[in-house]
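Engineer: Whole structure, please, built from the sequences with the hints as guidance.
Residue numbers (the numbering used here), protein chains in the order written: chain S, 1 to 367; chain E, 1 to 367; chain U, 1 to 367; chain H, 1 to 367.
Since no wrong hints were added, every one of them can be taken at face value.
A pair counts as met if it fits within one copy or between any two copies, since identical chains are not told apart.
List time: in silico SDA-like cross-link candidates among lysine to any residue, alpha-carbon distance up to 25 Å:
id, residue 1, residue 2
1, K204, H280
2, K142, V220
3, K142, R74
4, K87, T65
5, K356, H217
6, K87, P49
Bear in mind the hints are in silico, worked out from the structure with no lab data behind them.
Here is how the chains run, residue by residue.
There are 4 protein chains.
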Amino acid sequence: MSSTFGTLFRVTTFGESHCRGVGAVIDGCPSNMPLTEADIQPQLDRRRPGQSRLSTDRSEADTVTILSGVENGRTLGTPVALLVANKDQRPGDYTAMRDIPRPSHADFTYQEKYGIRAASGGGRSSARETIGRVAAGAVAEKYLRETFGVEIVAWVSGVGTITAPWPDMDTIGRDQVDNNPVRCPDVSIAAEMIGRVEQARADKDSVGGIVSCVCRHLPVGLGEPVFDKLEARLAQAMLSIPATKGFEVGSGFAGARMSGSAHNDPFVKKGSGLGTVTNHSGGIQGGISNGEPLFFRVAFKPPATIGIPQKTVDFSGNDVVLEAGGRHDPCVVPRAVPIVETMAAQVLADLALCQKRLAGHRSGGSR
Amino acid sequence: MSSTFGTLFRVTTFGESHCRGVGAVIDGCPSNMPLTEADIQPQLDRRRPGQSRLSTDRSEADTVTILSGVENGRTLGTPVALLVANKDQRPGDYTAMRDIPRPSHADFTYQEKYGIRAASGGGRSSARETIGRVAAGAVAEKYLRETFGVEIVAWVSGVGTITAPWPDMDTIGRDQVDNNPVRCPDVSIAAEMIGRVEQARADKDSVGGIVSCVCRHLPVGLGEPVFDKLEARLAQAMLSIPATKGFEVGSGFAGARMSGSAHNDPFVKKGSGLGTVTNHSGGIQGGISNGEPLFFRVAFKPPATIGIPQKTVDFSGNDVVLEAGGRHDPCVVPRAVPIVETMAAQVLADLALCQKRLAGHRSGGSR
Amino acid sequence: MSSTFGTLFRVTTFGESHCRGVGAVIDGCPSNMPLTEADIQPQLDRRRPGQSRLSTDRSEADTVTILSGVENGRTLGTPVALLVANKDQRPGDYTAMRDIPRPSHADFTYQEKYGIRAASGGGRSSARETIGRVAAGAVAEKYLRETFGVEIVAWVSGVGTITAPWPDMDTIGRDQVDNNPVRCPDVSIAAEMIGRVEQARADKDSVGGIVSCVCRHLPVGLGEPVFDKLEARLAQAMLSIPATKGFEVGSGFAGARMSGSAHNDPFVKKGSGLGTVTNHSGGIQGGISNGEPLFFRVAFKPPATIGIPQKTVDFSGNDVVLEAGGRHDPCVVPRAVPIVETMAAQVLADLALCQKRLAGHRSGGSR
Amino acid sequence: MSSTFGTLFRVTTFGESHCRGVGAVIDGCPSNMPLTEADIQPQLDRRRPGQSRLSTDRSEADTVTILSGVENGRTLGTPVALLVANKDQRPGDYTAMRDIPRPSHADFTYQEKYGIRAASGGGRSSARETIGRVAAGAVAEKYLRETFGVEIVAWVSGVGTITAPWPDMDTIGRDQVDNNPVRCPDVSIAAEMIGRVEQARADKDSVGGIVSCVCRHLPVGLGEPVFDKLEARLAQAMLSIPATKGFEVGSGFAGARMSGSAHNDPFVKKGSGLGTVTNHSGGIQGGISNGEPLFFRVAFKPPATIGIPQKTVDFSGNDVVLEAGGRHDPCVVPRAVPIVETMAAQVLADLALCQKRLAGHRSGGSR
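Structural biologist: Rendered as structure tokens:
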């Protein structure tokens, strides 16, 4: 515990690197919704390693199977169980590292917490854990898209010290993002980023980065003050993704440097309702969506697995030099793009279902 | 909903600006713990406005009463209910704003979500909501301090564009923090910050800021992968505080700019166990505390209430100019210090109790 | 923990016999609902001891105050906190029993579980704990009544070996129930029951009983398979009331003796939809309400506090004879009537709000 | 929702009659516990239909596979996912019933609640749903047995009007229970029961029954007042099993007929602690286990599927006569025995883990 996320759209994930499979159970998926594996597979494919020279070439098909909850292509309202088989189920080739907790990995803390850890080291802290999240979140995305027209688009906005400017947040789409292997929609900056990743690979080193995300066409009213405010649930969701170190929404840390007169978003008439002139709030006020685009950024540290020899100690405290073999991603942010999108979708779908409980509240209040 | 936070140390808060009172119920407070109001009042006093010329002078004693769960100065293991009476219970003096959603406040979103909102505007999104959090978190702090020797210290590390360097995280204490009204332990930078706040007040404007926090002497093993990882729960807790826009732990957003070889924290023998040479991880690896100091930063936007006239529209979309009367905090970060500390304490106490379920796991695992 | 009940209509209760007060926080109460103390007080009055010669004459006004969540007589959608002060806050007069765990009371188990217990013995296991439930449930009743026209009526159907036949479940109302102090709508059997209670009092003994309950005009669709089926949540709610030993719904234990051909409820056209000819199901099929009246019965053991001397042992195992002083209810079922009703209301309000998430599910399914 | 049960030993089940598979995910399974499929299969085998002439001969192997959470035969502390494939995945042979809601089945309520239902009718309300419960509960049983020596034994104590007396609750074991196909340890009454089931089959009818259960060697202190009292959680667990109509613990409904002087359980010295002379409480006082045997009874209605023609209406309200084809269990209670045991185990394991949070509470309280 806790591998369950959400109140009404409740996702439970399971699985680690070398067991039989990884996946998720969605409890509370709306009924009577068309759903097949084809709705889920694309985001799994975008998450999959080996899509380009930029990521590890460990080839895994990661094909999802819907085990339950769907009949004749429609959801029954019952739990939707999703399974992706692990190709490599032998946890055997990690024995060399049995006695050495790898620096900035979870070996040490899992061993201390549970009194045991997966022989593969990665176990539940490995990137394969995210498959269940992505599969379940793809279902959430479909619900949001078909019910409200919600669009969720994430992209790489930073690799190491290279930073991309904000794109046009009203129009940025996944096509532009997937235009290049680093998933940065700014083509020339993408080229720089690719160079930076290649250099990290050549150096047997790794590099961190930033994923930015925008969610458009959200209904007004999502978010449950005070502890399940929209930004609070998003923050939890994002910081639960492996390797994340920070989250900011709207103006974020830059907003802390501003004055109120510059930061406030005045209201203005938009269509039949109200909108705001500026959007430093990032689409959230008082923890509740206000109808403007929601946008946020997530910081990812550089991957801990590097080929450069590292001086550290083993579990007994003896000095050792650790040299990682095998091939590993020098930069995870391109693959993190669908993870960020699908985790955002889980939060939004859950809060959208929660908000339905207030539908039809009597009018005539004190407004 | 949801006004409940936590799994085993479960805090439910209640109350808004002008009702009879605000407070919290702690369900799951450990039994047989010495507890009186005197353990709780100090953090409420630090949170209270009117402590200095830097904050609003609306004077409220905010005296806490323990309603239940304690007998003869010891907790019974039953719910501990805490109440702070509201002095001003007349929601009458806000009628001028009934038709105007204040920019970057929660008036618009609350009205849309609930079909009603507190006449005072602030209601549940007001700063008074945080009283229940602080009171309950003060109990969590006591549990952590007496059980593990945990020390939690937050301070103001940024006001507008003025930033303080990291203090010595092994020694920084609340005495140093409370040395000056802006709660920045660096005395000369504190003076600059005070000037910046005074200027905002003179301008009838406001200014944002940063609160940093360190938690020392945590036991190893706190955090519940994958969705209740330590940093995920902290992120939720912090982003649920009013006016927050960002959270980062350890290296944070700066970590995203680094290479793995620079970011990794090699292990080293410390006492009878292992520690790390550096601490870019911020005391967390794989979502679980590793025994090193936990530190994080929280971004607060500038307060939305400003005296400067603002062009906006009313609920019907008509142009209006809004001018806030009364006195308001031009900068909330000094008062946010105990809120950040007590929310961190809630997270840590909850995860510490969760971890007790694994006590005595059989050894002899695959380590 | 756990003193919180419900998913979307979430009630947290607090308080024990001799602390400052008892009460509840309702998180998730629908917004914009008219609500004052006058909606809550009647059920508290029905629950109160000292209403007649049949129950203990310890006089307590039990006046409820709404602390938060309501403004100008309407709910804000924020937590509704309810408080009833304890008149007698001195836990001093129970010292004689400090060393003796009273037979069939909770003294022994509380002491073992928590390492401490309320000096008064009763503490959180006392009947005063139910005040918070009743107050919160009265709000749930109002929501159900005004939204769906739901009617919930409980009555005493058994005292000792005296049993009343089922009344007309379509018409039985609280007026008939409150016609006599034992709250049995069958007047002549009520007289017998009263005699039985008087006899128990004269004998310094106590007697158990049965409370039956019917809920009419439920919407179809309430209940969340598989673990939050309507009957499962009702069973939990009822067995969480002090002194309960059994729950049965519809045909109950008698249904276990029947054949399927006799037990099955054939469908029939009713109005614009379907109903059933018989109702052995008790208004629930597959864990979901079917629109027929829901009815169930709850068994209460005889109160453990009796004046007759009891041979038992103290905490150290020494033989003692225990003789309870003071006056105590010889039979709790009349006062349990509003507790059963309000707990049922909590379950139904919660499930009704949960069901709203499915509103508007697309038609055209496989029916 | 909600298909998740428990707080710290959290079981999520999935699957219906004709999807790819049924199963469960256990989140919070203690780490470092030896576990293989062989620990789980026996209870699944006992639950399986076709074990004798008394139940349906639809043959399904129901072989469980551990998908995750176990490595080298030991639990990792991560989610344990369990899968049992469905042999028959064609939901096609139920089309005749598409327009007719079967009496006392869940067809009508599922259709109304979700706007869709599984073509097979049974779907999630089918007996196959219980496979996930049994598999997960078998893991809970192992934890309880190895940690505390807990023994859980259920048996059939009633079929129709035939009732068996309580066996010796200190010694009754599964061997005695499995001695005959009706799972009643009293051999001569078992013969009568078998005759009653055979008669129901010959009549194309069905018959209800009672399952009784005892749990021995429980630690003192299990149960979380007030809403998660031990009996409350057991009641929820039992009433969530398909076809249940009642639950009683200890003296149960009979206790309601007793006087306090007869019902109270005086304390007595037992070993180094205290026990009770009698056990009308059924091992629970104040919602918390007291160390005496816990026992309870569960009522099951007769199966709704019968071969006798039934007059009912279709979804449009037209009169029809329904005649069920195929072979069906005339009596489910023998197969319900392992379901009751494993659901009890889930409750107890969860509460045992919850109680660990209180381990080491300081002594010196007010006892």
